[in-house]
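**Q** Sequence:
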Amino acid sequence: MYQGYPDFQNMITTATQRFIGSYLQNDAYYLYPESLGIQAADPLPFSLDIVRSSSAESIYGWLNFTTELQYASGESLAEFKQQHPDKAVNILPLVAGSLGFDVPVEYHSALREQSFDATWYSAQYIQFIILLNSDSTQLIENTLLDKTVGFNARVDGFVQGVSPRLPYSVEFDPHALMLTLTRDVPGKPTADGSQVEFSYDQLTQYLYQNIRLLPLTVSPALPDNDPAAIRLFCQAFLDRLYEQTGSPCAGPANNNTAMICLQAQPQSGRVIFNLDTEMLALRPLSFLLDPFAAAQQIAKTAPDTIIHRSTTPPLPEGKRAIDVFYTAPTGLDSSVSVDIQLTLPAGDIYPQKQTQTQILTPDQSRLSFSFFTSSLAASPFFYQIRVNYSQGGKWHRRESDALPCNDTFLVLDPAALPCQFLTISLDEGFALQSTLHGTCHSDGWSQDFALTAKTPVFSYPVIGNTFADVEARALSGSGVVPLPAPVTLTTTIGAYSFPQFGSQQARITVNLPEGITAATFEFEPQIPIHITPRSFTHQQNTFDYKWTVTSVFACGYRYRSEGGTWSAVVTGDQTIDYKGEK
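In this note's numbering, the protein residues as written are 1 to 582.
Quick caveat, the hints were computed from the structure, so don't treat them as lab data.
None of these values were measured; they are calculated from a predicted model.
Honestly, I wouldn't trust all of these hints.
Pairs of lysine-lysine residues, derived as BS3-like cross-links and limited to a Cα-Cα distance of at most 25 Å, are as follows [unchecked claim]:
| # | residue 1 | residue 2 |
| --- | --- | --- |
| 1 | Lys353 | Lys319 |
| 2 | Lys87 | Lys546 |
| 3 | Lys300 | Lys147 |
Could you build all of it, start to finish, from the sequences and the hints given here?
**A** Have a look at this one:
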């Protein structure tokens, strides 16, 4: 059901990295990101727009930037592949959460108390558009021009994966459990007292150390001397506890401690968790970043490339302006479009309902609407996002609920969309030797796509069961290599996405005839690097040949007896019946 999702029951931790298996895809792992920074691109995806409003006689602004998740170096991946030569490695897809600024107290900025949702995210990139009042606009401008000391930001997100499936049931009273947790684990009640904020790692460690002392009835009993099994049980239990009573929680912006909220439980009750069932779980993680450092360097010599100024003309009398800020899904072809419809209800000034629709296009991030003023009093407008897609020569539509908004400005986030998107990206380095071609299957319909260095992204709405079959095609030559499993989650595909890239291993068995006591064979990768000789005897007739693949289109090897002719290029384990020939 959840094929291709991260599998929390299959995790590998090395000295420097964390890997998590792919559910029901035994030949693939996901790599956890190490850090987060502003996307390294030219031009830098960072801008501050400062707007002077003629009508309101005020100044406001918006900050627009894209962050990039950063992963292990090729050297670290090579070490993993040496231990797991038959595994593919993909970057771990995240569910983006919110961003908060660690603004120094002395700046007295409203940014300090706010959090901002991402406007779009893919496997590796998270984009933010942040509206600023006059004071915050000035603060960000001064920071970019190096007139004030800069400050950091924190981004929260989640890994969504399949919780461990374990043969246990857990019965408990949520009220009694929360009394114990709030007494023994450092936590902070939310402002309304309905939830308690906990450090996720601290809570997990507490459960691991005290699971037998908690008011839980576990059946069958937990093992006595298996710490790994106890820890996995605690993680699976917390997954389900969070799924039932938890909610996202943005921690303090001055540290990257991952947080969750659990609901307070004023009433006693009885709950049973069956840990052997499949379920998707969310586990938090967070990153600190300096959002301004790269932009400050550019602003020193070319501030106008980072800071944009404009003045809006006076609003005609009797008119109401509404601005919508957004990031359009990337990589849409002509068969898919996304639009937004705004509706202003009839009022005591303008007695008719007013509706306008505009398309969200990737070449801009702001749409301006103008309506007749409908009422003397402030009145909300309603907005609805619509995803339009063509299948079989007919256009179909998915619509979000019509939601109210009382502000002059609206910032859209992915939650406003009526459906999710499957986004597939071509890794920049892999694009130097390959293109990607595939077919996206969605609700029984197929859509072909091709990714190149110039068009490296494809997105399609997730309608029912949605997945893509993908293959790499060599830029030079006729090489074609399919991915071994369908793509079911947003991802970036690179060389390490193919299990045959990097360190490889094959078991060689040589059967010698009677009368020949030993024979020497030589082995060479398909792209010649060096020759590996190996002698075989009747008693020692096996050998694990190891080589490194530098191109997915040349992943094999060849062999020959000493002084003989080379075999054809082969892959995988080989059994050689040696007859004594050269």
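**Q** Does each hint fit the structure? Answer for all of them.
**A** Each hint tested on the structure:
no.	hint	in the structure
1	Lys353 <-> Lys319	holds (14 Å)
2	Lys87 <-> Lys546	holds (14 Å)
3	Lys300 <-> Lys147	holds (11 Å)
Consistency with the previously given hints is maintained throughout, with no hint failing.
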